[in-house]
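Protein chains in written order, with numbering that gives the first Met the number 0: chain A, 0 to 259; chain B, 0 to 156; chain C, 0 to 262.
All the given hints hold, so there is nothing to weed out.
Facing chain A, from chain C, some residues (calculated, C-beta under 10 Å):
id	residue
1	E120
2	L123
3	T127
4	Q129
5	L130
6	A132
7	D134
8	M135
9	M136
10	A137
11	V138
12	N139
13	R143
Listed below are several chain A residues computed to face chain C (Cβ distance under 7 Å; list not exhaustive):
id	residue
14	Y70
15	R73
16	R74
17	M78
18	F80
19	A84
20	F86
21	P98
22	E101
Since the hints were made in silico from the structure, they are not lab data. Where is the CB? At the ideal position from N, CA and C, for every residue including glycine.
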Amino acid sequence: MRDVRFAYGEREVLRGIDLTVRRGQVVAIMGGSGCGKTTLLRLIGGQIRASSGRVEVDGRDVGEMGADALYAMRRRMGMLFQFGALFTDMSVFDNVAFPLREHTDLPASLVRDLVLMKLQAVGLRGAAALMPAELSGGMARRVALARAVALDPMLVLYDEPFAGLDPISLGIIGQLIRRLNDALGASTIMVTHDVHESLEIVDYVYFVSEGRIVAQGTPDEIRASSDPFVHQFVHAEADGPVPFHYPAAPMASLLEGGGA
Amino acid sequence: MMSRTTLDLWVGVFVALGCAALIFLAMKVGNFTGLNGAQLYSVEAPFDNIGGLKVRAPVKSAGVLVGRVADIRFDAETYRAVVRLDLDTRYAFPRDTIATILTSGLLGEQYVGLEPGADVDELKQGDRIQITQSAVVLEKLIGQFMFNKAAETPVQQ
Amino acid sequence: MNGVTRVLRQLGAMTINGVWRLGFATRFLLMILWYSGQSFRRLHLTIREIYFSGVLSLLIILVSGLFVGLVLGLQGYETLQRYGSSDALGVLVALSLVRELGPVVAGLLFASRAGSAVTAEIGLMKTTEQLKAMDMMAVNPIARVVAPRFWGGVLSMPLLAAMFSAMGVFGGWLIGVVFIGVDDGAFWSQMQAAVDFRNDVLNGVIKSVVFGVAVSLIAVFEGYDCVPTAEGVSRAITRTVVSSALAILALDFVLTSFMFRGQ
Chain A
0 MRDVRFAYGE
10 REVLRGIDLT
20 VRRGQVVAIM
30 GGSGCGKTTL
40 LRLIGGQIRA
50 SSGRVEVDGR
60 DVGEMGADAL
70 YAMRRRMGML
80 FQFGALFTDM
90 SVFDNVAFPL
100 REHTDLPASL
110 VRDLVLMKLQ
120 AVGLRGAAAL
130 MPAELSGGMA
140 RRVALARAVA
150 LDPMLVLYDE
160 PFAGLDPISL
170 GIIGQLIRRL
180 NDALGASTIM
190 VTHDVHESLE
200 IVDYVYFVSE
210 GRIVAQGTPD
220 EIRASSDPFV
230 HQFVHAEADG
240 PVPFHYPAAP
250 MASLLEGGGA
Chain B
0 MMSRTTLDLW
10 VGVFVALGCA
20 ALIFLAMKVG
30 NFTGLNGAQL
40 YSVEAPFDNI
50 GGLKVRAPVK
60 SAGVLVGRVA
70 DIRFDAETYR
80 AVVRLDLDTR
90 YAFPRDTIAT
100 ILTSGLLGEQ
110 YVGLEPGADV
120 DELKQGDRIQ
130 ITQSAVVLEK
140 LIGQFMFNKA
150 AETPVQQ
Chain C
0 MNGVTRVLRQ
10 LGAMTINGVW
20 RLGFATRFLL
30 MILWYSGQSF
40 RRLHLTIREI
50 YFSGVLSLLI
60 ILVSGLFVGL
70 VLGLQGYETL
80 QRYGSSDALG
90 VLVALSLVRE
100 LGPVVAGLLF
110 ASRAGSAVTA
120 EIGLMKTTEQ
130 LKAMDMMAVN
140 PIARVVAPRF
150 WGGVLSMPLL
160 AAMFSAMGVF
170 GGWLIGVVFI
180 GVDDGAFWSQ
190 MQAAVDFRND
200 VLNGVIKSVV
210 FGVAVSLIAV
220 FEGYDCVPTA
230 EGVSRAITRT
240 VVSSALAILA
250 LDFVLTSFMF
260 RGQ
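Sequences and hints are given; from them, build the entire structure.
Right, here's the structure in full:
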C-alpha cells in the first residue's frame with residue numbers, strides 16, 4: 000500500500016478530494032454526519048465508482064478494475080462496518096472463520112488455530128461458541144474486527160468504529176485498531192466523528208465537510224489548529240462554520256406569511 | 000445451531016419422503032405400471048364413426064387393458080376414420096379380430112374393444128383390422144327408437 | 000386538468016417502475032444461474048437451504064394435504080352419489096389433487112411458509128449490511144446467499160407438492176373407503192384407470208417445478224431488492240406472499256391451458 004490518491008467531482012456528495020495513506024499509517028477521516036465519509040470508504044472498496052477522478056490502491060486504479068480484479072483486491076482488504084455486520088446465523092467462531100474458509104483451502108485444524116489466534120488478539124477467545132445475538136455491542140465490534148483482519152489484509156477500512164459504544168469499549172476498540180495495524184504492518188483508514196478517541200491513536204487526520212477536505216494534519220497539529228472548522232469540531236461547539244440551522248428562510252418571514 | 004450430520008439426516012429423510020410420494024403417485028395413483036415400457040406393435044382399424052373416441056383411450060379385450068389408441072385420422076378417400084392402435088406384444092390376436100367402439104357405463108369414456116376371431120394367422124405390425132363396429136351415437140339411437148315407436152303406434156290401435 | 004395529469008403521471012411512474020423491476024428480476028435470475036456453479040460446488044449450502052425451506056415446511060404441507068383430501072372425499076362423495084357413481088371418488092380425488100390442488104395449494108403454502116422466511120432472512124442480512132460485508136470480503140453474496148436459497152426452494156417444491164398430493168389421496172381414501180364405505184378395489188382401480196402417468200402425474204410435477212422456480216425467484220429477489228429498513232423488510236415479505244400467490248395462479252392457468260388442451 001503505497002498511495003491512495005483520490006479525486007471525485009460532479010456529484011454533490013464529494014466535490015474533489017485528495018488524500019494519501021502510506022503503509023503503516025492509521026489515518027482518520029472526520030466530519031459531521033452525512034458529509035460523505037462513508038461514500039469515501041465505499042469508493043476505496045470499489046462498491047461504487049467515482050464519476051471522475053482516480054482511486055488507487057497499491058498503485059492500481061480501483062475504478063478500472065473488472066469484477067475479478069476487484070475481488071482479488073478485496074481479499075487483501077478488511078472492512079469493519081458501522082454495526083459490525085456479523086452473520087447472524089453463524090457463531091462467533093464461524094464468523095471469523097468465514098473469510099478463511101471462503102478463500103483458502105486450509106485444513107480445518109489450521110483454520111481453528113488461526114481463528115482462535117485472531118479471537119485471542121481481540122480478547123474474545125472464550126466467546127467463540129456464542130452467537131452474535133448473545134454479544135454486547137462492543138464485543139460484536141471486536142468480533143467483526145477479528146473477522147476483518149482474518150486474512151491479514153494490507154489495508155483495513157473502518158466505518159464509524161466507535162459509534163454507539165460506551166467509553167470503555169471505545170477505548171478497547173481504539174487500542175485494538177492501533178495494535179492490529181502495527182502488528183500487521185498494514186494501513187488503516189478510519190471514518191469517524193469521535194475526535195478525542197481518534198486523536199489518541201491516529202497518525203494523520205483529514206477533516207471533510209460538504210464534500211471537501213477542509214483541514215488536515217497530525218493529531219498535534221490538529222489540537223493546536225486555529226482553523227474555525229477544526230476548532231468547532233474538536234471542541235464540539237454547536238454553531239460555527241457548520242451552522243446549527245439547516246438552511247431556511249428567516250423565521251420572521253415564516254411568521255409573517257403564516258396567515259396566507 | 001444444528002450439527003451438520005443432523006441436518007443432512009433430515010434433508011435425507013425429506014428427499015426420501017418426497018421420492019416415495021412421487022413413486023406412490025406414479026404407481027398407485029397413476030397407471031405407470033400399465034403399458035409404459037412394454038413392447039408395442041401397431042395395427043390400424045377403419046371405422047365409419049368413432050363417436051367420442053380420443054387418442055390414448057384404452058384398448059381392451061375381455062375387459063383387460065391390452066393397448067391404447069395411438070392416433071386418429073380421417074381418410075379422405077374412403078370417408079372413414081382410421082384409428083391406429085398400439086397393442087402390447089405379449090398379446091397376439093387373430094387376423095379376423097373384430098374391433099368395436101364401446102362405452103364404459105352410460106356416461107363413461109369410450110374405448111376400443113377387441114373380440115378375437117378364429118383365424119390361425121395373427122395380426123402383425125402395420126396390419127389392418129377388417130371387421131369393425133362403429134360407436135353407438137346416442138342421437139341416432141334415440142332417432143331410431145322414435146322412428147320405431149312412430150311405426151308401431153298405428154298397429155297397436 | 001391537474002388531476003388528470005397527476006393520474007397519468009402516477010400511471011407512467013408505476014409502469015416504468017414495474018418494467019424496471021421485471022428487467023432487474025430477469026437479470027437477477029441470470030446472475031443466479033451464472034453463479035449457481037459456484038454454489039453447487041459447495042453442496043452443503045444448498046442442502047442447508049433444503050432443510051430450511053423443505054423440511055421445515057413438511058408439517059404444514061402434510062397436514063394441509065390430509066385435510067384437503069378429507070374435504071375432497073366428503074364433497075366428492077356427496078356430489079357423486081347423486082349420480083350413483085360414488086365408485087369414481089378415487090378418480091375425482093386423485094385427478095383434482097395431482098393436476099391442480101397439489102401443485103397450487105402446496106405452492107401457496109410454500110410461498111407463505113418458506114418464501115416469506117427467505118425474503119425476511121435476505122432482507123435482514125441486507126439491512127444489517129451483512130451482504131455488503133460479504134461483498135467486501137470478496138465473497139459474492141449472490142453465489143453464497145441467494146443462489147443456494149433459490150435452489151433449495153426449487154428442489155423442495157416438487158417434493159412438497161408430491162407429498163401434498165399423496166397425503167390428499169390418502170385423506171380421500173380415509174373418508175371414502177374407511178368411513179363412508181366406498182369399495183376399496185373400485186376406488187383404486189378406477190383411479191388407476193383414469194390417472195395417466197404422463198398426462199396427469201408428470202404434468203403436475205412440471206407445474207410444481209415451475210411454481211418452485213417462480214416462488215423462489217420472487218422470494219430471493221424481494222429480499223435482495225428490499226429497502227434496507229425494518230419497514231422495508233416487512234413490506235418485501237408482504238410483496239413476496241402477494242406476488243407469489245398471483246404468479247402461481249396465473250402460471251397455473253397458462254400451464255393448464257397448454258397441458259390439458261383438447262383432452
